[in-house]
Amino acid sequence: MDGLVAVSWGPGRIDLFWRGGDRALWHRRWEGAGWSAPESLGGALASGPAVTAWAVDQMEVFAVFDDGELWDRYWDGGSWHPWESLGGELAGDPAASSWGPDRLDVFALGRDGRTWHRWWDGAPWVEW
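The sequence shown maps to residues -17 to 110 in this note's numbering.
Read the hints as simulated data drawn from the structure, not as lab findings.
Beta carbons: idealized from backbone N, C-alpha and C, even for Gly.
Some hints could be false.
Stated by the list, open to error - For each label pair, taking beta carbons as the anchor points, the in silico distance ranges come out as:
(1) D58 with D94: 18 to 24 Å
(2) D58 with W101: 15 to 21 Å
(3) A19 with W110: 34 to 40 Å
(4) D48 with E21: 19 to 25 Å
(5) D(-16) with P106: 28 to 34 Å
(6) E51 with A19: 29 to 35 Å
(7) G50 with P(-7): 36 to 42 Å
Construct the entire structure; sequences and hints are all you get.
Here is the structure:
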């Protein structure tokens, strides 16, 4: 287990994410009565993950892959959406935050040594 991160989007709910020995993203959840079995969400992570929740039953997880791009998956309350690239030329672990409904911010260290930022506010992602 590498890069363990946690998020909560409501009372009695905790979601854990980590990079497994197989380099895939792994997930398990607490729903007030016990932990779910771990599940693989796939991918080939070159970094630890970052996660944030922007509303009840809504969360997004990020990681840098071998191509140096930031990739993300999100939970919409019913299912996980496939990995999608947000681009970039990155190195190291990303960080993610949300300060309100439909607002996501993600930061990552670039290969150029600078900190890069993208955000989503309910419309398409704003470029790096």
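Here is what the structure says about each hint:
1. D58 with D94: 18 to 24 Å: Cβ of D58 to Cβ of D94: about 34 Å, so the range 18 to 24 Å is violated.
2. D58 with W101: 15 to 21 Å: 19 Å, holds
3. A19 with W110: 34 to 40 Å: Cβ of A19 to Cβ of W110: about 37 Å, so the range 34 to 40 Å holds.
4. D48 with E21: 19 to 25 Å: 22 Å, holds
5. D(-16) with P106: 28 to 34 Å: Since D(-16) and P106 have Cβ atoms about 31 Å apart, the given range 28 to 34 Å holds.
6. E51 with A19: 29 to 35 Å: 30 Å, holds
7. G50 with P(-7): 36 to 42 Å: Taking Cβ atoms as reference, G50 and P(-7) lie about 38 Å apart, which means the hint holds.
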